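Top line first, the protein sequences correspond to chains A and B. Numbering follows this note's numbering, in which position 87 of the first sequence is assigned residue number 87; successive positions increment by one, without gaps. In this note's numbering, each residue carries its 1-based index in the second sequence increased by 1000.
Bear in mind the hints are in silico, worked out from the structure with no lab data behind them. None of these values were measured; they are calculated from a predicted model. The reader is advised that the hints may include incorrect statements.
[Said to hold, decoys possible] Pairwise CB distance ranges (calculated):
no.: 1; chain 1: A; residue 1: R7; chain 2: B; residue 2: L1005; range: 33 to 43 Å
no.: 2; chain 1: B; residue 1: R1069; chain 2: A; residue 2: E210; range: 42 to 52 Å
no.: 3; chain 1: A; residue 1: N74; chain 2: B; residue 2: N1013; range: 50 to 60 Å
no.: 4; chain 1: B; residue 1: E1210; chain 2: A; residue 2: R193; range: 26 to 36 Å
no.: 5; chain 1: A; residue 1: K103; chain 2: B; residue 2: R1069; range: 45 to 55 Å
no.: 6; chain 1: A; residue 1: R182; chain 2: B; residue 2: R1150; range: 40 to 50 Å
no.: 7; chain 1: B; residue 1: G1198; chain 2: A; residue 2: T209; range: 30 to 40 Å
no.: 8; chain 1: A; residue 1: G198; chain 2: B; residue 2: R1150; range: 16 to 26 Å
no.: 9; chain 1: A; residue 1: W203; chain 2: B; residue 2: C1212; range: 25 to 35 Å
no.: 10; chain 1: B; residue 1: E1083; chain 2: A; residue 2: W203; range: 31 to 41 Å
no.: 11; chain 1: B; residue 1: D1064; chain 2: A; residue 2: R7; range: 48 to 58 Å
[Claimed, not checked] Sample of chain A residues at the chain B side, in silico, Cβ under 10 Å:
no.: 12; residue: S32
no.: 13; residue: G138
no.: 14; residue: P146
no.: 15; residue: R169
no.: 16; residue: M170
no.: 17; residue: S206
For every residue, glycine included, the Cβ atom is placed at its ideal position computed from N, Cα and C.
Number of protein chains: 2
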Amino acid sequence: MRNILDRNQNRANEVRRLLAEEKVLMVNIISSPGAGKTTLLERTLGELNTKFRIGIIEGDITTDRDARRLQKFNIPITLINTEGGCHLDSHSISKVLDTFSLKDLDVIFVENVGNLVCPSQFDLGENFKLAVVSTAEGDDKPAKYPMLFREARAVLLNKVDLIPYTNFRMLNFRKDMEKINRNIPVFELSCTRGDGLGAWFEWISSRITENCNRE
Amino acid sequence: MRNILDRNQNRANEVRRLLAEEKVLMVNIISSPGAGKTTLLERTLGELNTKFRIGIIEGDITTDRDARRLQKFNIPITLINTEGGCHLDSHSISKVLDTFSLKDLDVIFVENVGNLVCPSQFDLGENFKLAVVSTAEGDDKPAKYPMLFREARAVLLNKVDLIPYTNFRMLNFRKDMEKINRNIPVFELSCTRGDGLGAWFEWISSRITENCNRE
Chain A
1 MRNILDRNQN RANEVRRLLA EEKVLMVNII SSPGAGKTTL LERTLGELNT
51 KFRIGIIEGD ITTDRDARRL QKFNIPITLI NTEGGCHLDS HSISKVLDTF
101 SLKDLDVIFV ENVGNLVCPS QFDLGENFKL AVVSTAEGDD KPAKYPMLFR
151 EARAVLLNKV DLIPYTNFRM LNFRKDMEKI NRNIPVFELS CTRGDGLGAW
201 FEWISSRITE NCNRE
Chain B
1001 MRNILDRNQN RANEVRRLLA EEKVLMVNII SSPGAGKTTL LERTLGELNT
1051 KFRIGIIEGD ITTDRDARRL QKFNIPITLI NTEGGCHLDS HSISKVLDTF
1101 SLKDLDVIFV ENVGNLVCPS QFDLGENFKL AVVSTAEGDD KPAKYPMLFR
1151 EARAVLLNKV DLIPYTNFRM LNFRKDMEKI NRNIPVFELS CTRGDGLGAW
1201 FEWISSRITE NCNRE
C-alpha cells in the first residue's frame, strides 16, 4: 500500500508541474454516490463557461452517463472508466492529460468516482480537493468519514432543500466540521433549486483567477 | 490484488463453515454513506428482536456512533473500526467471531463501511449481501455501480418518502435493475416513516427460519 501511494505521489507531482507550467487549475471533486457532483458541474459550467476556459475529466466505474450530461456545454470532456476501480489515481489522469490542449484551458474539474473513502487518499496532481456531501446522507458524515473533510479546501453541503424532510441538523454538522477542519469554507447549496450558488461561483472564480495571475 | 482476494476467500470459507455448523445466518449490509443502514437495523431489531436471537457487527472507519445507536436493544454488538480502511474483510470478521456465543444466535447482521464499491468485492463469509440504496442518491445508481446490485440477494430502496422532492424516477430505477439483476426482490422502504417494512420483515424472517431449519 505504501508503495502504491508513493508511486501515485510521484506521478501526481509530475501532473502538478505540467499544469502549473500552463497555469491550469485542477479541482478534484469527491463525494458519495449521488451527492450531486454532476449537477454541481452542470450549474458551475452554466455560470462559468463564458468566463473561463474549462475542461472536464469524468471518472466513473462504468457508463458514460455523467459525461453525456455535460456534452451540451460543448467543452473538452474526457471520460475515464475505472472498470471496477473505486477511485481515480494520478496515473489515469496523467494518461489522459494530452487529450486536452492545456494552453487553451484555465481550469480542469475532475469528477472522481462516487466514494467518500478511497479517493481522498490519492493525490491526482490537483490544486485542491473539494468535498461534496448531501444533507440526505445525514449530519454525521464529517465525523464518520473525516479524511476527506480534513483534506478538502472547501465543503459543499448540497441538497439543503431536503433538510425539512430529513433529520439532518445543521448545528450537528457544523459542530463536527468545526472539530475536524475549522479553517475551510462550507457552502450550503441546493444545486437543483439554486440556493447558495452565488457564493460558490464567486469563491471558485477567485481560485481560478488567482491561479491564472500567478507569477 | 488477486492474492489479497484469494486469501480473503479462504478465510471467508472458514467463517462460513463455522457459522453453518452453528446454523447462524450472516447478512452483509452494504450501501453508500448515509443510505440508512443503521436506521434499517434499528427498525429490524425493533421488530425481530423478540423473535430471533440477533448479533451485530458494526463496521466503521472511525467513531462508535452507529454501535451506540443500537445499544438500546441490549444484544451483542461488536464494533470494528477499520481506521481508514474502505471495507470489512473476512480476516476482521474472523477475528471478532469469538466475541459472540454462536450457539446462542440465529443471525448476525454486519453493517459494512459506507461505500458502494469496495465492500461488494470482499466475501466476509456471509450467507448473502444486501444492497441498500437511498432515493436521494438518484435513480441511476444500479447502472453506475452495478457490482453490488449483481451480487446482492435483495435490494432495499430506502427513503421513498423523499421521492416527491427529488428527480428520482422509479421507472428508470426499475428498468436498470431489470437489466442488471432481474431475479432479486426490490423492497421500497422508508425506514424513518415506516413504508414497506412489513414485506421486508417477512422476507428476512423467512431467510433466518430457513437457515435454522436446514438439515
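Verification of the hints:
1. R7(A) - L1005(B): 33 to 43 Å: violated (21 Å)
2. R1069(B) - E210(A): 42 to 52 Å: holds (43 Å)
3. N74(A) - N1013(B): 50 to 60 Å: Holds, since N74(A) and N1013(B) (Cβ atoms, about 53 Å apart) stay within the stated range.
4. E1210(B) - R193(A): 26 to 36 Å: violated (47 Å)
5. K103(A) - R1069(B): 45 to 55 Å: Roughly 53 Å apart at Cβ, these two residues keep to the hinted range, so it holds.
6. R182(A) - R1150(B): 40 to 50 Å: holds (42 Å)
7. G1198(B) - T209(A): 30 to 40 Å: violated (57 Å)
8. G198(A) - R1150(B): 16 to 26 Å: violated (42 Å)
9. W203(A) - C1212(B): 25 to 35 Å: Violated, at about 57 Å.
10. E1083(B) - W203(A): 31 to 41 Å: holds (33 Å)
11. D1064(B) - R7(A): 48 to 58 Å: violated (35 Å)
12. S32: holds (5 Å)
13. G138: holds (4 Å)
14. P146: holds (6 Å)
15. R169: violated (14 Å)
16. M170: At about 15 Å, which exceeds the 10 Å cut-off, the nearest Cβ of chain B leaves the hint on M170(A) violated.
17. S206: Violated - the Cβ of S206(A) stays beyond 10 Å from chain B, reaching only about 30 Å at its closest.
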